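Participant: The chain contents come next:
There are 2 protein chains.
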Amino acid sequence: MSWGKRADFVVRNESPFNAEPPLEALAGGAITTLDTFYCRNHGDIPDIPPQQWQLTIGGMVDTPLTLTYEQLTNRFSARSVVATLVCAGNRRAELLKVRPIPGKEPWAHSAVSTAEWYGARLADVLDAAGVHRKDGLHVAFNAPDVAPEAVPVQAYGSSIPLSKAVSEEVLLAWQMNSEPLPRIHGGPVRVIVPGYIGARSVKWVHTITVQSTPSENYFQALDYRILPPEADPATAAPGEGIPLSVVPLNCDIFYPGDGEAVPAGPLTIRGWAMAADGHDVARVDVSLDGGRTWRQADLAPVTSRWSWRLWSLTVDVLSAPMTVTVRAWDDTGVTQPESPASLWNPRGYGNNAWAHVDVNVTEH
Amino acid sequence: MSWGKRADFVVRNESPFNAEPPLEALAGGAITTLDTFYCRNHGDIPDIPPQQWQLTIGGMVDTPLTLTYEQLTNRFSARSVVATLVCAGNRRAELLKVRPIPGKEPWAHSAVSTAEWYGARLADVLDAAGVHRKDGLHVAFNAPDVAPEAVPVQAYGSSIPLSKAVSEEVLLAWQMNSEPLPRIHGGPVRVIVPGYIGARSVKWVHTITVQSTPSENYFQALDYRILPPEADPATAAPGEGIPLSVVPLNCDIFYPGDGEAVPAGPLTIRGWAMAADGHDVARVDVSLDGGRTWRQADLAPVTSRWSWRLWSLTVDVLSAPMTVTVRAWDDTGVTQPESPASLWNPRGYGNNAWAHVDVNVTEH
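Line by line, the protein sequences are chains A and B.
Residue numbers for the first sequence follow our numbering, so the first one is 1 and each next one is one higher.
Residue numbers for the second sequence follow our numbering, so the first one is 1 and each next one is one higher.
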């Protein structure tokens, strides 16, 4: 099943359906079209008609609440947020060149996409249930998709801190790029947690629980964690490693692609960058000599605090092999680690090393 | 004048007085004693008796206000915050090994210290003046100390975003480690902005202005910015470069010191780490083989969101030259850039590369 995606989608796994667009499609604009947006799933895709969907809000709230689709979409004021979602495993392919990472999809550069999401603020829905606004609480999400990879097998779930959950950018979304949220992307309703790894934007959400501890779901307590390099993921205990949440500062190159041949002469290098925690991208540096000297890329206008920022730089290239290296700086002066080798971890998450492509420049 | 500091203080400049403690003194505990806390100044130290000090709050407020020392210390409820201050130029010495940085103090490892600060919340004082709580405003601080290095020569000042200024950790402090705030550290009253570069914690503050743009003071608009490597600081225009604010994730080694000889056998390596933006330090890695393999340091308990976290690791070392490399990870899975060479910038700010010391291990 192609789920309305482009014919040239790169399918990493048919079941569960995991696929990323070709880079040139992703480069099409600041907003990714529905047929191009990457797909990352842990189980079969649920089929829930809107009139059957409902959401239960419970746990540390004064008045537990169940909402139908009609109630959610009519009772709460809705808003749009342009947000980039990125799979925590994006750019894993570069880590795989360092050491093997068994059992994980070899995502290349395109498990990242941007859409305009439309829905109710999660904060408003939590307030309607009389959420206890205490420090240190967590908001857990449960979904119906069953993940065979989980140990033990279980439906998907995860959690975010209450402090993030009540931020104005966090939505219960039922539209994506002004269309009803497609089934493949979590329709009829999903959570959107801008700035966090995609795994926290739980699709087909049916239960929200306010609780004093993070979710004990496999994907919160065990997977989606950065283990130290020497750890064995098969024997790691729940809670080991650094749980992923905020997406670190990162960037990547849309064009040229790695290994691509390009003609000598003017070359426009293009890509994206995104800062952590809602910070802005202040500078993107491009090097054609392996990081010895740098030139600054032109930054496209900011579309949203929670969206990637596109950049480009036109350079003149001579006929020869060439490496393009790119790094971003955020508005506090933070830049990225240099090398994937330093970032290798047993589950292959969070690669935010400098971006590199090797290019072969040929005569006209 | 020694300002009550230890006899073994390393003075970088007598006038204005800039000095850092020896590393072994800094390693003395999570709280730095008054005689050990680093000194970073841009002008002569003002001498303001508490009964003459006053603070004016103006700009975008409903009721501009002037407070005496007695009014500030009696009218507002006071609180303590343990916070690490760090000079944006700390670890510049490592950048100097990459390329020269003329006209700047060659801070080594000790322009960083931690104290318990006690004072009124800046938020409460701003509220007493009826601050306009609008998005995008700034809070500018002015002080009386005149900086000969500024172009043109001017009294010290800077600003922080209003969103940070009203955070509960930001203080107008009149005590440091339960003592009246020493004159050398900004007494009778200074601003404390935990998590921001030390330069924003303005000493001897006399005027606070709420305004729609950042401070135009030399130290906000021109200095304390990360310029791209190819820029000439002498011709940089106001607003060029990335203004420093939040201190990036960083770590350093207290012991052993660079170039030190240590006996073969058990060696306890010790140091500090601090995450950005109030995040926690999740892991500190120590390598004795240049980053090929790593071991995890033991982390001391968290004393405050805004304080460094001390760490230690006992290893067995053999008689040979050895490099100790250390890097920290924050609670979102971010780690530090590898090399000072990648971070070199014309004013030498923000070095948060992996920490290194070369050690000579000798026979017992």
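If you're looking for bench data, these hints aren't it; they were derived computationally from the structure.
Among the clues, some could well be false.
For identical chains, the list gives no copy identity; a pair is met inside one copy or between any two copies.
Simulated pairs of lysine to any residue, SDA-like, Cα-Cα distance not exceeding 20 Å [as the list claims (entries may be wrong)]: (1) 164 / 278; (2) 134 / 304; (3) 134 / 344; (4) 97 / 361; (5) 97 / 292; (6) 97 / 293.
Keep in mind it's a predicted model, so treat the numbers as computed, not measured.
Participant: Against the structure shown, which of the earlier numbered hints fail to hold, in ascending order?
Facilitator: 3 and 4
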